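So the sequence lines, in the order shown, correspond to chains D and L. If you read the first sequence in the UniProt record's numbering, its first letter stands for residue 1, the second for the next number, and so on. If you read the second sequence in the UniProt record's numbering, its first letter stands for residue 1, the second for the next number, and so on.
Residues of chain L placed beyond 12 angstroms of chain D at every Cβ, according to the derived structure: (1) 20; (2) 27; (3) 46; (4) 50; (5) 64; (6) 72; (7) 75; (8) 82; (9) 100; (10) 134.
One side only, chain D facing chain L, incomplete, derived with CB under 7 angstroms: (11) 160; (12) 176; (13) 191.
Covered stretches of chain D (in silico footprint by chain L; criterion: 3 or more residues with CB under 8 angstroms from a CB of chain L, positions within the stretch not fixed): (14) 102-113; (15) 117-123; (16) 145-159; (17) 163-169.
If you're looking for bench data, these hints aren't it; they were derived computationally from the structure. Bear in mind the structure is a predicted one, so any value in this text is a computation, not a measurement. Just so you know, even glycine gets a beta-carbon here, dropped at the ideal spot from N, CA and C.
2 protein chains.
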Amino acid sequence: MDGAQQRTHTRSDAVRSRVALTDAVERLLREGRVDFSIPELASEAGLGVATAYRHFPAPSDALHAYYARAAGELVEALRDIDVDLDPVRRFETHCREWIAQAQTWGPAVRHIRSHEGFIERLDNGDPSIVALYSALDAVLQALVDAGHMPAGDRRVAVLLWITIFDERVVYDLEHHHGWTAEQIVEHLGQAARGALRIT
Amino acid sequence: MDGAQQRTHTRSDAVRSRVALTDAVERLLREGRVDFSIPELASEAGLGVATAYRHFPAPSDALHAYYARAAGELVEALRDIDVDLDPVRRFETHCREWIAQAQTWGPAVRHIRSHEGFIERLDNGDPSIVALYSALDAVLQALVDAGHMPAGDRRVAVLLWITIFDERVVYDLEHHHGWTAEQIVEHLGQAARGALRIT
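Take these sequences, add in the hints, and give me the full structure.
So this is what it looks like as structure tokens:
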């Protein structure tokens, strides 16, 4: 193996280890094991402790990486939605995709909600929050442009939408209130429409 | 001092210590010190470590006691609202009082949100949640009775109201968006009215 191949191999090993560790964070969180140590994370991932420490010096680093991945998956899914849809239909499609996403990572993410608010993290330039804001703001802008929503404080409108679509709310409705995804989409979508005065 | 006096004295000392420790939890949380130890809590309260352990064997016990006190203060404040108010006015008065309360304990409580949802804790009989549900449900029942709100899934309606009035949202709007209490009351109240279809 020459030098270039060696580097490629090493890099893809690193990517694989990082994915395995981030997957392990998700499994630990789903079990409510929020206070895991790096050796415990390594064990869950089936990797050596030194490898785990190389990727994540502290558990908080692993939690941030997992949160960023989940938020990134949400933003990617929302970006795939057709921008040429009728604005109200586009809003509804975002609501539907959001619930589908929240059902995948919500059972883990609900354990690690930040104490910092959405606006605080937006102002601090948190990349996950900036990307999510940008995706949702575009949907609301189209509603305003089409006369389906009053122009107003857009940051607060996005904050309200995110607040109503909280993954803990979705989890609660699915696992403790017995609602189907379709019922959750319909009810939370209607609540967000009412809160944002979308007609 | 006879036996009865001794017991009374001891009991009031215990009450004072518990209040001092619970006050200390609030100060630690406001500073973001969520992971305090019992000796740290004792030091913050100006009490002996043995006394602190007697009240709170683990930090989670102290956090629960603080959360229950804050939730109890909210319910007490809501109970003081005149039940004979016009139903919509009564709803608005609850919104106003809730924001005033959230401004007092929100900066601490936002650090310790449960990963369990509202419905899950209601079903588990969590006394703080049951009392809050009961207070809010009565306000919504009056709105339904007066024809100002559609009858529907009441647990979900209370969940939505609580979700929109989240202390982290209130903190974010006050400290990072520069809104006054009056602006927060008006905007979140209007959002909750829209979400719950209150007319």
